[in-house]
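Spelled out from the first residue to the last, the chains are:
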Amino acid sequence: MKALLIVGSPKGKASTSYNLGRGLLGRLETGGMEVVETTVAAALRSSEERHRLYRAVDEADVIIVSFPLYVDQLPAPLIQALELLADRKRGAQGATPWAGPIAQRLVAIVQCGFPETLQTRPAVSIMRQFARETGFQWAGALALGMGGAVGRRSLEKAGGMLRNVVKALDAAAASLLSGGLVPEEAEALAAKPLMSRRLYGLVANWGFRSRLRKHGARKRAFDRPYAASGKGR
Amino acid sequence: MNVLILDGGPRDVRGAACRKIAAAAAAEARLKGHAVTAFELDALDIKPCRGCFACWLKHPGTCAIKDDQEQVLRAMAAGDLLVWITPLTFGGYSPVLKRSLDRSIPNILPFFTVRHAEVHHPPRYKKRLGLIVLGTLPAADPEAERIFHELVGRNALNLDSVLTESRVVHDGEEGGIAGRLKGLLQAAEAAI
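Those protein sequence lines, which keep their order, are chains A and F.
At position 95 of the first sequence the residue is numbered 208 (the working numbering), and the sequence of numbers has no breaks.
At position 99 of the second sequence the residue is numbered 84 (the working numbering), and the sequence of numbers has no breaks.
Treat the hints as calculated values from the structure; they're not laboratory data.
Among the clues, some could well be false.
Now the in silico label distances, taken between C-beta atoms and shown as ranges [as the list claims (entries may be wrong)]:
| hint | chain 1 | residue 1 | chain 2 | residue 2 | range |
| --- | --- | --- | --- | --- | --- |
| 1 | F | M(-14) | A | E142 | 53 to 61 Å |
| 2 | F | A175 | A | S159 | 20 to 28 Å |
| 3 | A | K270 | F | D(-3) | 28 to 36 Å |
| 4 | A | G329 | F | I50 | 17 to 25 Å |
| 5 | F | D156 | A | G204 | 36 to 44 Å |
Per the computed footprint, the stretches of chain F lying under chain A, defined by three or more beta-carbons under 8 Å from a beta-carbon of chain A, are [what the hints assert, rightly or not]:
| hint | stretch |
| --- | --- |
| 6 | 10 to 20 |
| 7 | 69 to 76 |
| 8 | 84 to 98 |
| 9 | 128 to 134 |
| 10 | 143 to 152 |
| 11 | 170 to 177 |
Under 10 Å between C-beta atoms, here's a sample of chain A residues computed to sit facing chain F [to be verified]:
| hint | residue |
| --- | --- |
| 12 | K115 |
| 13 | S159 |
| 14 | Y167 |
| 15 | L187 |
| 16 | L191 |
| 17 | T247 |
| 18 | G248 |
| 19 | L268 |
| 20 | A271 |
| 21 | R324 |
| 22 | A340 |
Computed from a prediction, not measured in an experiment: that's the story for all the values here.
Beta carbons: idealized from backbone N, C-alpha and C, even for Gly.
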């Protein structure tokens, strides 16, 4: 069996999305699956890369799409990539007809910087709708808030804070390896807050201020360059 | 009222319904005496967001990418009523509209604030804002439409919109859009 990871973050492999996606892919690889990974940015770079994505999708039994929440849903390039895949599968616009295996399972991993996992709901629904419209088998989603706390850190070495994420990946991988879907238990574990909302908010706001200071922009944080009166607060 | 219309339809035949609706919305708003700024987004050079957050942390309020999105950002900052038009794409927005929305984060602040019991980003430009999103779909699809309305609702929470409307227009219904827009504009005038 083959598994394909598509990373939907514009940051590609330097992203939280890759970290989480690779976490699942690595477990599938350990379980004996052949694995391939690509990024949306690479796939959209040229016609040749796009056809490489098509081939990878054709050959995959499990497709994992891992992405960050952008303005309440998928980042634009990922929507574009899904449209291309859908056009191809429908045979629309002169596209080559779909050649992939019949029951390809589609898994989404979605993470957002807000603490509430529920903010990822439309994104998960869009991925499920994509599966419905194109004939992929919807295999479920691991959706989590507080993505900023995951970052690129090692999931295994992060300890207690990410224990539920690690458990969710373990459970999802075990089920996918045996031909199943992402279990509800795994979805619930991934959705659990990594820390208290108050603490996350304090740390995040402190982090923003600290990075503004580092870039010498702390005093300009509230600038309004497009206000009718120009700059100012 | 400053009305900003973003037509997120593709420039090919698939965007025809969006173009009709955008033209009707602009005409109706002008008829009512509002200032209208309209963009056919697919005709502009707008590159995808790189996720660098320089617009929050390095040069607050301006994007690191220099392209046509700057004029859209400026119009967004001045807009009282935002009208987005898009073909429903798996229940969400088209990549064309979404590319511009992804690049709209310079107009919000990085910091977290709690609103409606959820964490959101405060707007950089404080004002009463309305949001109308019109989606096109060849034929009825209850699940796609449910997703669309939920998505608009979430966008409204993040924008802190004081008036939010979402409508789906199926093929053949574009002709009746002017009447529906009239009602939506009246509601916006009352709320904003």
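Interface hint check: A271/A, Cβ to nearest Cβ on chain F, cutoff 10 Å. Holds or violated?
It is violated, given that the least Cβ distance between A271/A and chain F is near 22 Å, above 10 Å.
Less than 10 Å between beta-carbons is the criterion; does S159/A satisfy it with respect to chain F?
Check failed: Cβ of S159/A comes no nearer than 16 Å to chain F, outside 10 Å.
Can you take a look at whether the stretch 143 to 152 of chain F is actually covered by chain A? Rule is 3+ residues, C-beta closer than 8 Å.
violated (count 1)
For the stretch 170 to 177 of chain F, do at least 3 residues have a Cβ located nearer than 8 Å to some Cβ of chain A?
Not satisfied, violated; 0 residues make the cut.
Going by Cβ atoms only, is K115/A closer than 10 Å to chain F?
violated (24 Å)
Within 17 to 25 Å or not, the Cβ separation of G329/A and I50/F?
holds (21 Å)
Does the CB of L191/A sit less than 10 Å away from some CB of chain F?
holds (9 Å)
Has the stretch 69 to 76 of chain F got at least three residues whose CB is nearer than 8 Å to a CB belonging to chain A?
holds (count 3)
Please count how many residues of the stretch 84 to 98 of chain F have a CB within 8 Å of a CB from chain A and say whether that reaches 3.
That given contact holds, which follows from 10 residues of the stretch 84 to 98 of chain F lying within Cβ reach (below 8 Å) of chain A.
Y167/A was flagged as interface toward chain F. Is the shortest Cβ-Cβ separation under 10 Å?
violated (18 Å)
Can the hint on L268/A be confirmed by a CB-to-CB distance to chain F that is less than 10 Å?
For L268/A, the interface hint is violated, since the closest Cβ of chain F sits about 21 Å away, which is over 10 Å.
Mind checking the hinted window 20 to 28 Å against the Cβ distance between A175/F and S159/A?
Violated - the Cβ-Cβ distance for A175/F and S159/A, about 51 Å, lies outside 20 to 28 Å.
Checked against the numbered hints listed earlier, the structure breaks hints 2, 3, 5, 6, 10, 11, 12, 13, 14, 18, 19, 20; every other hint is satisfied.
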